[in-house]
Amino acid sequence: MTRIIVVTSGKGGVGKTTTSAAVAMGLAQRGHRTVVIDFDVGLRNIDLIMGCERRVVYDFINVINGEANINQAMIRDKRCNDLYILPTSQTKDKEALTKKGVGKVLDELSESFDYIVCDSPAGIEHGAKMAMYFADDAIVVTNPEVSSVRDSDRMLGILASKSRRAENNQEPIKEYLLLTRYSPQRVKQGEMLHVDDVQEILSLHLLGVIPESQAVLSASNAGKPVILDDKSDAGEAYADVVERYLGQELPHRFLEVQRKGLLGRLFGG
Amino acid sequence: MSVNLSEESAQVSAFELKGSTFTLPLLKLLVPDMELVSGQLAHKVEQAPDFFRNTPVIIDLQSLASGDTGVDFPLLVGLLRGYGMLPIGVRGGNRSQNDAAHAMELAILADGRPPKPERSSRSETTQESVVVNAAAPVVGAEAGSRMITRPVRSGQRVYAPVGDLVILSQVSSGAEVLAAGNIHVYGALRGRALAGVKGNRECRIFCHDLQAELVSVAGNYRISEHIEDSKRGKPVQIYLKDDALIIDEL
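Chains as they are written, first to last, in our numbering: chain D, 53 to 321; chain C, 16 to 265.
Honestly, I wouldn't trust all of these hints.
[Unchecked claim] Listed next, with one range per pair, are the computed distances between beta-carbon atoms:
(1) D/D145 - C/Q77: 44 to 52 Å
(2) D/Q222 - C/T38: 35 to 43 Å
(3) C/S111 - D/E301: 26 to 34 Å
(4) C/Q252 - D/L100: 51 to 59 Å
(5) C/I103 - D/N220: 29 to 37 Å
(6) C/L101 - D/D145: 55 to 63 Å
(7) C/K246 - D/Q300: 39 to 47 Å
(8) D/D145 - C/I103: 35 to 43 Å
(9) D/E147 - C/V46: 52 to 60 Å
[Said to hold, decoys possible] With a Cα cut of at most 27 Å, we get these calculated BS3-like pairs of lysine-lysine:
(10) D/K226 - D/K283
(11) C/K33 - D/K144
(12) D/K151 - D/K181
(13) D/K130 - D/K226
(14) D/K156 - D/K226
(15) D/K181 - D/K130
(16) D/K152 - D/K214
(17) D/K214 - C/K33
(18) C/K246 - C/K256
(19) D/K151 - D/K214
(20) D/K181 - D/K156
(21) C/K256 - C/K213
(22) C/K59 - C/K43
(23) C/K33 - D/K146
(24) C/K43 - D/K152
(25) D/K151 - C/K33
(26) C/K249 - D/K240
(27) C/K33 - D/K181
(28) D/K146 - D/K214
These are computed hints drawn from the structure, not numbers from a lab.
Beta carbons are placed, not taken as given, at the ideal position from N, Cα and C, and that holds for glycine.
Chain D extracted, bound-state conformation (with noise of 0.2 Å):
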């Protein structure tokens, strides 16, 4: 049974795109066929993260639009065979996302594929309800700070009730909160939320902290996502994050300040 997976969070700029190429390029590595598609109409970047923006020539849109099938729309990720990325259109707006257009590529997919992840723009209006209206899990991208928790908070009040399972009244969406951006130094000195405490106000399962790192604007400007990366503090922090995804129970790391050793202060890194 096809999984579809919505990343989303309501605030902008948190890591969705981040997340939504690291999530699908752990789930691929791990034997699930998958593909990952850009809701954000006219301003896409999946493309750019994933590093295929050379190879696009059609889109979600015209697959919506029946201008082009959706085989010629998918682009094959090269170092994993068992990843595609759908990107979308940068000209057109979101209105060209209709539920029915929507729905049928959908279904298509879920022929083929283990796993599909929505990558959602930000915001609560049309495009975002899109990307979220036929997801079975929702992962919510939150950073740990006071804008980002409320709009996150929104995001679950619109996924409980405006989604398709809300709608015909089936098993509501699963909901997992992904804390991005973490800092446990800035934690320490109160200038940031405590993991403990977004938890305590999103009353929410957590499915993982990603820490405040380089790797992600390396890894973005490279065009491969961060999740390959492996050595890097993200990196590792989405893997376990695709695990316990999976149904692994791991301990969350990167949440206390790391100690650096003699050598370590000596040659940074």
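Starting from the known structure of chain D, arrange chain C on it as the hints suggest.
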């Protein structure tokens, strides 16, 4: 530069759909006897003909909803229109009355809605609403009280029109919970809570952890800034004593 006309017209909206509120006169029907209605209505119109001319009215059937009393809608509508009124809808009717009204192309309107803390009790308000509010899922909704088992999230509004509201989780900041009766929050109350919204001054608000943005009993409200620090974060009950809102630790 040539402009693609079809692209341009596709971007210009033809209309906007919005929710709006109007204050309209309500004709509360107390007897089904159209002759009696006609006579008394003629007298009223004579006293203030301009008030009734071209006035949209709502017909309230609550007094006649119990039992089998059928209302002769064609006659009633004709009567009202004859005096210049524009009957546009009904509320509070039973199933068969609503069907009859529907046949006369009258709208079936909702039976009252949660009023804001300050509102005049003289005129009735009807709301033309195109936007649907997201509601938290309801478990075990018996006649009399509502029970919510999942967190009430920011932006959601939960209303118990009759009786108490019990919430077995938290109420997030930016959420609103309202009840005609008492409100019990078995968790943190971070949003707005309004008890006794239909005027019952005996109602109370109970919560495990007071961090509310606004609390109100029967229209008497207090905002977060005016809640004493000593009461924050504690289990409390909030009630009216004379005209003052009291917050007591439980």
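Exercise. Indicate whether the distance between the beta carbons of D/Q222 and C/T38 respects the range 35 to 43 Å.
Key: 41 Å, holds
Practice problem: Take a quick look at whether C/K256 and C/K213 sit within 27 Å of each other, Cα to Cα. | Solution: The given pair, whose Cα atoms are some 18 Å apart, holds under the 27 Å limit.
Exercise. Starting from the range 52 to 60 Å, see whether the pair D/E147 and C/V46 falls in it by beta-carbon distance.
Key: 53 Å, holds
Quiz item: Quick one, are C/K246 and C/K256 close enough, alpha carbons at most 27 Å?
Solution: The hint holds at about 17 Å.
Quiz prompt | Restraint check for C/K249 with D/K240, where alpha carbons must lie at most 27 Å apart | solution = Cα-Cα ~26 Å, so holds.
Quiz prompt | Restraint status (C-alpha distance of C/K33 to D/K146 at most 27 Å) | solution = 20 Å, holds
Exercise. Could you grab the alpha-carbon distance between D/K151 and D/K214 and see if it respects the 27 Å cut-off?
Key: 12 Å, holds
Practice problem: Sort out whether D/K156 lies within 27 Å of D/K181, counting only the CA atoms. | Solution: Distance of about 16 Å is within 27 Å: holds.
Quiz item: For the pair C/K246 and D/Q300, does the Cβ-Cβ distance stay inside 39 to 47 Å?
Solution: For C/K246 and D/Q300 the Cβ distance comes to about 44 Å; the hint holds.
Quiz item: Are C/L101 and D/D145 spaced within 55 to 63 Å by their CB atoms?
Solution: Since C/L101 and D/D145 have Cβ atoms about 41 Å apart, the given range 55 to 63 Å is violated.
Quiz item: Do the alpha carbons of D/K181 and D/K130 lie within 27 Å of each other, as the hint requires?
Solution: Between D/K181 and D/K130 the Cα gap is close to 31 Å, so the pair fails against 27 Å, i.e. violated.
Quiz item: Does the structure keep D/K151 and D/K181 at a Cα separation of 27 Å or less?
Solution: 9 Å, holds
Going through the hint list in order, the structure does not satisfy hints 3, 6, 10, 13, 15, 24.
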